[in-house]
Amino acid sequence: MIKLYGSLVSRATRNLWMLEELGLDYEHVSLDWAKQENRSAAYLAINPAGKVPTLADGDATLSESLGINLYLAQKYGQGGLWPDDDAGRARCVQWSFWAGAELEPLAYGRIREFLFKKEPDRDQTLINDMAEQTGPLLDLMTLALDDNGFLAGDTFTVADLNVACVMEYLDRSGFDISGWPKVETWYKTTYGRSANQKIQDQRAPIAAEMMKRLQG
Amino acid sequence: MITLYGNDRSRATRNVWMLEELGVEYERNMVDHTKGEAKKDDFLKINPGAKVPALTDGDVVMFESLAINLYLAMTYGKGGLWPDDAAGQAACGQWTMFSATEVEPHTVGALIELIFKPEAVRDEAVAQACLAKLPPVLNVLETTLSDRDYLGGNSFTAADLNVACVVNSLNMIGFDFTPYPKMTAWVKACVARQG
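First to last, the protein sequences are chains A and B.
In case it helps, our numbering puts the first sequence at residues 1 to 216.
In case it helps, our numbering puts the second sequence at residues 1 to 195.
The following block holds chain B by itself, in its conformation from the complex (with noise of 0.2 Å):
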């Protein structure tokens, strides 16, 4: 049995997501950061590192939320989520890894100074800063999406919903989509398989 860790204040939403699009079976573990949950012994067994989400299934036990992404769709979606042929799954390594590296170190810095602080302490000049990043980022995106529907091609892979899934953090702090109509009606498509 799959069993996800972190509550649905943490990044294992991303990860309720991916569930829910392959129909695995799956159990929550409500491990609650910010009441200092993580850093007990009983989930530092599951990961030292005392991050959620963490995810074990079987054997495996990991951390990091996208890489769980792309390990439940390679095991769990293929012909699906995760594609038969070798450019699409290209696709899904290249997209998650530009989700991590290019565009969720400026959004979750924005949300920080924004909204996760408390008033008193936020930065306002940080979260600009943040924001200042994301034109470029987001129009490899606006780019991208031009001439096809889906990151990989044709249809939804992991690709999507590891990206979806970081630009969408953006509308909690009303951030403006309107130079992006093309990722714009991507995330919301994306979005909408939620329910």
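In isolation and in its complexed conformation, chain A is listed as follows (with noise of 0.2 Å):
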């Protein structure tokens, strides 16, 4: 049976998205980080740096979101969230590391600013510097969905899912992407799905209560 070790309020949500697509058995064992669970020495033993998510399936043990995604697409996901063809397969791999090195570092750096700090502290700085760096991506972005309204070709694939669930920390600290409107649009469909919603809608009280705490 498949494990996914991290808890709602993690990137485990990205896996728990795609398994939920893949329509896969698995077995979620959320670890709590306000009670160190990810330092236990059972979780150190299968992700030495206690960090999640982690996944295990049978022989393979893997942590790194992004990923995980690309495992689970490969594995279990041929000829639908993983193409049959080079071109495509080219693309999944390519737009996931994309949005792992180049989106994820600014979309992120808004979720420290705009979450996990309050006014008074934001850097405005960097804010910005962030806002004009995010500006070509979505550029970017929106040739590539010109030639088909998806990132890897004429169907919803791992480089959709890898890409929106990034693109969610621009979404949750308020960057307004209306004046990308192929983006927006591509993006409400993909993070819209069904599968996903399932994860969200378990995720919501949880982060709830957390951003209380935060901000509180």
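Nothing false has been slipped in among the hints.
Simulated crosslink set (EDC-like; lysine to aspartate or glutamate; CA at most 16 Å straight-line):
| hint | chain 1 | residue 1 | chain 2 | residue 2 |
| --- | --- | --- | --- | --- |
| 1 | A | 75 | B | 84 |
| 2 | B | 51 | B | 8 |
| 3 | A | 182 | A | 146 |
| 4 | B | 45 | A | 139 |
| 5 | A | 75 | B | 85 |
| 6 | B | 45 | A | 146 |
| 7 | B | 78 | A | 86 |
| 8 | B | 51 | A | 139 |
It should be emphasised that the hints constitute simulated quantities derived from the structure, not laboratory data.
Each of the two chains sits in its own frame; use the hints to bring them together as a complex.
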């Protein structure tokens, strides 16, 4: 049985979304970082860095949320979330790395400023710099979406899932993407898929409680 | 025919390493990003993001250096740089993502401030902040390599190439590797393959 470690207020939600898309049986092991459950000896044996999420699937044990999604798509989503053609697969890998290396530092930077800090502590220069760097990334996505409406071909793939689950941080930190209408439409369709909605519905009450603690 | 865009002053070198490992035929297009050539129309057709490296292979057109290496390994390195088993493939994906998101932001951050920028505008404090993030990350590699020769197990794969090319860049700034003996031996063994 596939096991996914990490709570609903961690990057584990990205993998829960993927597992739901694939319709796989899995066990979700929620680790509470407030209780340091990610530092227990049992968990450190699985992930020496104590980071979440981690996926265990038979002989394969791996970390890195976007890497886990690529693995799951390759193993269980052939011809669907993982396309059959070389060009489609190349784009799935490309966009997943683009999400992790280009988009996430900016998007997560906004989470740190807007959600983890109170207003007087925010770094407005950094916020402005990040906004300036985010524009060209959304321009690039607009060009990619022009062709077909999805990032890797004519259908929804791991490329779309891995970019949308990172773009979530722009959304949650109130970044206005209406200036990039193709991206906005794509994001709403992608992020609103029922597999993700199911996970987000489970997450909402836990996240609300966490935000109360952070901002309270 | 595979075409790799980007010269040896870009991350294209890590793709050259992969292409040579795989022994596939390819040609190079030495787009010089330092002279603004990545912003010219010819190249923007390949990567509208105006960044090198990029790669074309038949109808495949892609960017992101580490992603290019994974694509090449899974397409041309089956049973070798791209292992046959699920656990080995999982390791390739995980470690490549680790390299891109956990290691490279800090190595590149330090390199920019210590050697790439003109001396007058370098910020030593930023460089030191980047270097300070590295020990826990490099310790993950040290721990992993304590019971195996390569990141994915017994043989050299895309996981090793994609992490080693990033860690090795620290040699350009005289980084002190002594706290990480296993990792150091592994980087040397990997880099020696480049010839």
